[in-house]
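Going line by line, the protein sequences match chains A and B. If you're matching positions, the first sequence starts at 1 in the working numbering and goes up one per residue. If you're matching positions, the second sequence starts at 1 in the working numbering and goes up one per residue.
Because the hints were derived from the structure by calculation, they are not lab data. Beta carbons: idealized from backbone N, C-alpha and C, even for Gly. The reader is advised that the hints may include incorrect statements.
What the hints assert, rightly or not - Chain A is nowhere near these chain B residues, computed Cβ spacing over 10 Å in every case: (1) TYR10; (2) LYS31; (3) ASP35; (4) GLY59; (5) GLU85; (6) SER98; (7) ASP102; (8) GLU114; (9) GLY130; (10) GLN149.
Said to hold, decoys possible - As a list, the in silico EDC-like pairs of lysine to aspartate or glutamate whose alpha-carbon atoms are at most 16 Å apart: (11) B/LYS138 x B/GLU85; (12) B/LYS78 x B/ASP89; (13) B/LYS126 x A/GLU85; (14) B/LYS4 x B/ASP35; (15) A/LYS126 x B/ASP102.
Number of protein chains: 2
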Amino acid sequence: MTPKAFQDYYTDEFASCYGCGRMNKHGLQIKSFWDGNESVCHFQPKHYHTGGFPGYVYGGLIACLIDCHAAGTASAIKHRDSGREMGSDPPLRFVTASLHVDYLTPTPIGATLELRGNVKKIKGRKIIVGITLSAKGKVCAQGEVVAVQMPEDFSDD
Amino acid sequence: MTPKAFQDYYTDEFASCYGCGRMNKHGLQIKSFWDGNESVCHFQPKHYHTGGFPGYVYGGLIACLIDCHAAGTASAIKHRDSGREMGSDPPLRFVTASLHVDYLTPTPIGATLELRGNVKKIKGRKIIVGITLSAKGKVCAQGEVVAVQMPEDFSDD
């Protein structure tokens, strides 16, 4: 695995995400790395990240992990394809346009979760990332995220 | 609106969800009610629920809100259609089989969010719920959840 997380290259201005911002002390601090051509993220849920059924991980947390891991993967592949070092200027940042999660089987709480990301399609400013989430070697959820590269003059107007 | 939240009828055993369990003191404590034939949920994000871009709500939080509001709505409509009071025995509980969110525009942080749920389809044990999430009167995200009624002898085998 690469030594430094994708998210730790984000500039301070963009490092406050509740899911993956290193500067958000209340947040989940999700970290993503390259492992060859796949991106990988390990996450240990807290005991209180339970879902509606005792002993299993909250599906919303799984959605959070998939969201940030995929957006980080989109940024990383864009840097790689552009021959750019992560952290170089200007930032190549992505937002999530859509998120889809299929919950295949309940995810046991207590285990470290492993997410693996694969870039499925790149079209213009849009990158589609597929994610699997596993616990104890078993795939428990699958996700697909459409990430869109932000313009430098980002605003909501 | 109905006076008592759907989630507050869940039995103690199923009230520890990080998203909507009343007994999860670390959780989001999402609450859903009927407003006629629509379900409604209001949620005030914390200042630290920011996304990757300053001033906007984290998309993963939006996914959490949609997930729990939809699952609660599925349980509520099942009770209503069955002529059953919520909280009556045995529990009619649902889990999320799939979650889809389209992020239409950035959701400003600071505003109270309003989610409205509509039951789109009921087929056997499966209920499809559509959700809109608005801030300051503007729809910022749309979601669709496939919720599946759990058997009483729930296990992951």
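Now the hints, each set against the structure:
no., hint, in the structure
1, TYR10, "violated, 8 Å"
2, LYS31, "holds, 14 Å"
3, ASP35, "holds, 23 Å"
4, GLY59, "violated, 5 Å"
5, GLU85, "holds, 20 Å"
6, SER98, "violated, 5 Å"
7, ASP102, "violated, 5 Å"
8, GLU114, "holds, 18 Å"
9, GLY130, "holds, 15 Å"
10, GLN149, "holds, 12 Å"
11, B/LYS138 x B/GLU85, "violated, 34 Å"
12, B/LYS78 x B/ASP89, "holds, 13 Å"
13, B/LYS126 x A/GLU85, "violated, 47 Å"
14, B/LYS4 x B/ASP35, "holds, 12 Å"
15, A/LYS126 x B/ASP102, "holds, 14 Å"
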